[in-house]
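Chains as they are written, first to last, in the numbering used here: chain A, 1 to 567; chain B, 1 to 127.
Keep in mind that the hints were calculated from the coordinates and are not lab data.
Don't be surprised by glycine CBs; every beta carbon is placed ideally from N, CA and C.
You may find that some hints are simply not true.
[To be verified] Derived CB-CB ranges, DEER-like:
| # | chain 1 | residue 1 | chain 2 | residue 2 | range |
| --- | --- | --- | --- | --- | --- |
| 1 | A | Tyr-91 | B | Leu-109 | 30 to 38 Å |
| 2 | A | Tyr-91 | B | Ala-65 | 43 to 51 Å |
| 3 | A | Val-96 | B | Arg-56 | 16 to 24 Å |
| 4 | A | Asn-41 | B | Phe-20 | 31 to 39 Å |
| 5 | B | Asn-29 | A | Ala-72 | 35 to 43 Å |
| 6 | A | Glu-42 | B | Met-27 | 29 to 37 Å |
| 7 | A | Arg-113 | B | Arg-56 | 36 to 44 Å |
| 8 | B | Arg-56 | A | Arg-122 | 25 to 33 Å |
| 9 | A | Ala-157 | B | Leu-72 | 49 to 57 Å |
| 10 | A | Ser-104 | B | Asn-29 | 52 to 60 Å |
[Claimed, not checked] Now the stretches of chain A that chain B is said to cover, found in silico as 3 or more residues with beta-carbon under 8 Å:
| # | region |
| --- | --- |
| 11 | 250-256 |
| 12 | 447-461 |
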Amino acid sequence: MNYVAFLILRRLRAPLIALISIYSVLILGYTLIPGQDAEGNEYRMSFFHAFYFVSFMGSTIGFGELPHAFTAAQRFWTIVAIYSSVIAWIYSIGAVVAILRDESFLRLLQRGRFRYRVTSEREAFYIICGYGLTGSSVVEKITRRGVRCVVIDIDAARIEALELDSLPFDVPNLCADASDPDVLNDAGIEQDNCIGVVCLTNDDHANLSIAITSKLLKPKRMVISRVATRDYAKNLGSFGTDHILDPFEIFADYLDGAIHQPYRHLIYDWLISPEHKAVSSAYTKKQGMWVICGYGRFGKALKKRFDQEGMSTVVIEPKPEQRGLEVTEDVVKGLGTEADTLLEARITKAVGVIAGTADDANNLSIVMTARELNPDLIMVARQNHRLNRSVFGAADIDMLMDPSNIISNHILALLKTPLLIEFLDRLAAEKEEWSKALIESMEALVGKNELDSWSLVLDKESTSAVYEELRMGKKVTLEDLMKHPHERGKALDCMPLLLKRNNELLMMPERETPLRIDDEVLMCGLSRAASWMLWLVSNENALKYVVSGEEGGGYVWKHWIRQYLGR
Amino acid sequence: MNTEKVVFAFFIVLALTLNFGFFLGEMTNPEHHNGYELFFATVVSLIATVMKFGDRTHMGAILLATSLVADLQLIIAAVIWGWAVHVSTVGMDGAAIASIVSLSGGALLANLLSAVLLAIETVMIRR
């Protein structure tokens, strides 16, 4: 039996005992009080008649005085009986209604339903802890890709928001504290089809305990955690959390890349975010002096990178003493929203300004004031609240830092394929010319459409057809996989980015490279090509056709393909 | 001392003693078996059952089961009594009272089992 039934029974104890006691006292009373029958003889009601009378009287049906008209003494007792039984019933029914409206009872019901839905889930799913801005954005993006997930959040308002958000399918959700192992257990953390845990709560400590729980139960399962402070980042890393995301560090890297390696940055941007910038945006002049407003976590992360690159910066900070800064030529005390402070920070000579305070109104004011003083500035602004999106959009800002969007894009890339992040890490070591050539071929491939990326692991489970061919000693090359399964002369709109073999990474592998079992391949291209390729690698007949040109398989298959081509 | 335990044990033991009192006497002699005693035995047994509701322990579940058995036997006995007195043409005879008493004897066993289980549980807590 589940908790709910126990709770109801427990709460029903008092009303049931009250009903039984009152009924038994009433019945007993009727059997003891002497009555008179039609002939005037004295009689005592039997238990049978007493029970009958009390039953219909208690439920106020009222058949009259049975089996004979009552005496005055019996009527006295009946008055007592009427009122006491009505009160007993009101009390009992009231107790039942109170249970049905009870918070803890409803929570138990929801919990039970949630547990049931998670255990009956057959497909692979992710657990997303925290449904704030980032969480909701991640959930929306992964459900659009057809991936299942389970959401836990401590705030009831956010769970209500989830129910209102129009997601492509029902997402099991629970309003509870995700750092409680019991809750995680109900969310399916011990199930084999739970393939990853994403910790996005606002509390670093909660993220930490979720990550630890998952790593202890299944060390191999992927854990992604957002983190706000450095100490927790180290702590998470110490027990092997797969990906630790700090929005400020990620955006600092992103901005740093945009300034120093514009082409590499573009590749990153194209692969990570669904809407990408035009290739021409890479030509903007970005080298020179930058003004950083706000020296919090974000400002610090940026300044560290600028210093590493040897670029000069001026910091504007209202409380430099608290942040451990001394007011010098390069550190100005103030908000940055007034022209004086910006002029003191030599805004007229700067190439760009970064409005990185924790206040959206201030950031906008900085951008607007700075633009008046120097119209050629590159504007970078930090957006703290999603509601302000339209205002920031209208401000015509070159680079907008929206932490929740950055993190959710990054997480989506990780969930799509971990190879992508390995590829992007390796990209840093490549020269700009190389990146430029790559971004140009990407543009030729997809134009203005979204550049999708996916990976293939050549093993028995995910790519059975290729695995069989390779096991038989046949030769399959990368190029074979990129042919259209219905017309082998036609190539799919995609290109290989990375080949991982025995933990060695080969960037931009040649198309003629013969494949081996257990290779991992990262591809990019149109989503359409992805679905063809994923079909091809697990269909033996289609694969034989693209490799050798022979149409293997039975009559049915041939008939089907002819029909398909004839469309 | 736990008041809840006292009340609980009180009802279990009272159900047993009332049941035993009704059961005592010659099987086929209606004079030896008081209807009021059967009534009280049934009511107390019902209350004892309700008091066991919502106990999630294994012992609680067994106690609930034995108590339900006792209720069932006593209610059937009461129904037979009513039937014999009011419906049947022969009235309350030796055969009717014998089956009522034997049913209450079954309930007595179940109540006895409840009491033994209660005693065992208490001993285990002491240890």
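How the hints compare with the structure:
| no. | hint | result |
| --- | --- | --- |
| 1 | Tyr-91/A x Leu-109/B: 30 to 38 Å | 35 Å, holds |
| 2 | Tyr-91/A x Ala-65/B: 43 to 51 Å | 28 Å, violated |
| 3 | Val-96/A x Arg-56/B: 16 to 24 Å | 21 Å, holds |
| 4 | Asn-41/A x Phe-20/B: 31 to 39 Å | 36 Å, holds |
| 5 | Asn-29/B x Ala-72/A: 35 to 43 Å | 37 Å, holds |
| 6 | Glu-42/A x Met-27/B: 29 to 37 Å | 32 Å, holds |
| 7 | Arg-113/A x Arg-56/B: 36 to 44 Å | 20 Å, violated |
| 8 | Arg-56/B x Arg-122/A: 25 to 33 Å | 31 Å, holds |
| 9 | Ala-157/A x Leu-72/B: 49 to 57 Å | 50 Å, holds |
| 10 | Ser-104/A x Asn-29/B: 52 to 60 Å | 55 Å, holds |
| 11 | 250-256 | violated (count 0) |
| 12 | 447-461 | violated (count 0) |
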